[in-house]
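Asks: Going line by line, the protein sequences match chains C and Y. Just so we're aligned: 146 in the numbering used here is position 146 of the first sequence, and the numbers increase by one with no gaps anywhere. Just so we're aligned: 34 in the numbering used here is position 34 of the second sequence, and the numbers increase by one with no gaps anywhere.
Treat the hints loosely; a few may be bogus.
Unchecked claim - If we take Cβ atoms under 10 Å as the criterion, some of the chain C residues that face chain Y in the derived model are:
| hint | residue |
| --- | --- |
| 1 | R156 |
| 2 | R183 |
| 3 | M186 |
Claimed, not checked - Straight-line distance between alpha carbons at most 30 Å, and here's what the computed DSS-like set of lysine-lysine pairs gives:
| hint | chain 1 | residue 1 | chain 2 | residue 2 |
| --- | --- | --- | --- | --- |
| 4 | Y | K12 | C | K182 |
| 5 | Y | K39 | C | K182 |
| 6 | Y | K48 | Y | K16 |
| 7 | Y | K10 | C | K199 |
| 8 | C | K182 | Y | K47 |
| 9 | C | K199 | Y | K16 |
| 10 | C | K199 | Y | K60 |
| 11 | Y | K20 | C | K199 |
Just so you know, these hints were derived from the structure itself, not from any lab. Keep in mind the model is a prediction, meaning the values are calculated, not measured. Heads up, the beta-carbon is just placed ideally off N, CA and C, and yes, glycines get one too.
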Amino acid sequence: MNAKAIVVTSGKGGVGKTTTTANVGAALARLGEKVCVIDTDVGLRNLDVVMGLEGRVVYDLIDVFEGRCKLRQAIIRDKRVDTLHLLAASQTRDKSALSEDRMRDAVQALLEEGFDRVLIDSPAGIESGFQTAASAAQGALVVVNPEVSSVRDADRIIGLLEAREITEVRLIVNRLRPEMVKRGDMLEVNDVLEILGVKLIGIVPEDERILVSTNIGNPASLEESPKLAAGAAFRDIAQRIRGEEVPYPSFDQPTGFLAALRRFFGGS
Amino acid sequence: MFQGLFGRRKSKDQLKDRLKLVLSYDRAKLSPGNMDALKRELMTVIKKYFPSDGSDLDVKVEQQGERVVLVANLPVQRG
C-alpha cells in the first residue's frame with residue numbers, strides 16, 4: 001500500500017480492529033518499519049492493554065491535542081520491537097475531545113519525524129470517532145467477519161471511506177472458520193469480496209490463541225511459533241502492505257478455493 | 001423444490017442473497033418497507049393506462065454492476 005497513514009476500521013464493534021492494529025503494527029515493525037499505532041477510541045481505550053503497554057501510558061492523544069504535553073512525550077516505545085510505538089487514547093474523556101484538524105496535524109508530525117507507517121485504530125460506529133480516525137488516513141484496512149451484521153456494516157464504512165476519497169481500501173476477513181465454510185454455513189472469502197467489491201489483503205482464521213496472547217499482552221504476530229495460524233496471517237498482511245506478494249494458505253478450504261482466489265487476483 | 005432432493009439449502013447461500021438485497025437498499029438509501037407504499041402508488045398510476053389489477057407488479061431495487069437501479073416489472077395483459 002502506498003498509504004503511510006492507514007485507518008483500521010469496521011463499523012461494527014468486536015470484529016477485531018484493535019487486535020488487527022496491534023498485530024499488523026507489530027509485524028510491520030518487526031519487518032523494520034518505524035511504526036506508530038494510534039488508539040482513537042477515546043473513553044474506551046484498549047490498544048494499550050492488547051499490546052501489553054498499559055503500564056507505561058503517561059500522556060495520551062487528547063493531552064497532545066490540548067497541549068498538555070509534546071507529541072513525542074506521549075509516544076510509548078515498545079521494548080520488544082524498538083521500531084514499534086503506541087500513542088494511547090484518553091480513557092477519561094469522550095469522543096467530543098477529538099478534532100479532525102489536530103488528528104491530521106499529529107499524524108503529519110509523526111510522518112515528518114521519520115515514522116514509516118501510522119496505523120490508526122478507529123472506534124466502532126460511523127460517528128465522530130470514526131470520522132476523526134479516517135480524517136488523517138490515506139488508506140484503510142476494513143476488518144470484516146464473515147457474518148451478516150459485520151458485512152453490512154463494512155459496506156457502510158466502505159461507502160463513508162470513499163466519500164472521504166480514501167481510495168486505498170483493503171479488506172481483512174477475520175475470524176474465518178474453515179470447518180463452517182466447508183459445510184456451507186459460513187460465507188467464503190470470495191462471497192464477501194463479491195458482495196463488498198473491495199480488494200483483499202488478508203484472511204485471518206479464528207484462532208483461540210489470539211485470546212491467549214491478548215491475555216498476556218503479547219501480540220500473536222510477535223511470537224515465533226509457526227503454529228500460531230492467526231499470528232502468521234497478520235504477518236502476511238504486513239508483508240502485503242509493504243507490497244510483497246504472499247500466497248494465501250489454504251486453511252483447509254473447499255476444493256478450488258485457492259484456485260479461485262488466485263483467479264480473483266489475476267495471479268498464476 | 002430441489003431442496004428436497006439435495007438436502008437443505010446452504011445457510012451461507014441464503015445469507016448471501018439476503019445481504020445482496022439489503023445492501024442494495026442500504027446503498028440506495030431506501031427502506032424496504034417503503035417499497036410497498038411505492039408499489040401501491042405506482043399501481044394507481046399504471047391502472048389509468050393499462051388494464052391490469054396490479055397483482056403481478058414486481059418492484060425492487062437491484063445492484064447492476066456499479067449502479068443500484070429501481071426495477072419495476074409488470075406483464076401487460078393481451079387482448
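Asks: Please go over all the hints and tell whether each is borne out by the structure.
Replies: Against the structure, the hints come out as follows:
1. R156: 7 Å, holds
2. R183: 8 Å, holds
3. M186: This hint holds: M186 of chain C lies near chain Y, its Cβ roughly 6 Å from the closest one there, short of 10 Å.
4. Y:K12 x C:K182: OK: K12 of chain Y and K182 of chain C at ~10 Å, within 30 Å.
5. Y:K39 x C:K182: 40 Å, violated
6. Y:K48 x Y:K16: It is violated: about 39 Å lies between the C-alpha atoms, which goes past 30 Å.
7. Y:K10 x C:K199: 25 Å, holds
8. C:K182 x Y:K47: 50 Å, violated
9. C:K199 x Y:K16: Holds: K199 of chain C and K16 of chain Y sit about 18 Å apart, inside 30 Å.
10. C:K199 x Y:K60: 28 Å, holds
11. Y:K20 x C:K199: 18 Å, holds
Against the hints set out earlier in the document, violations occur for numbers 5, 6 and 8.
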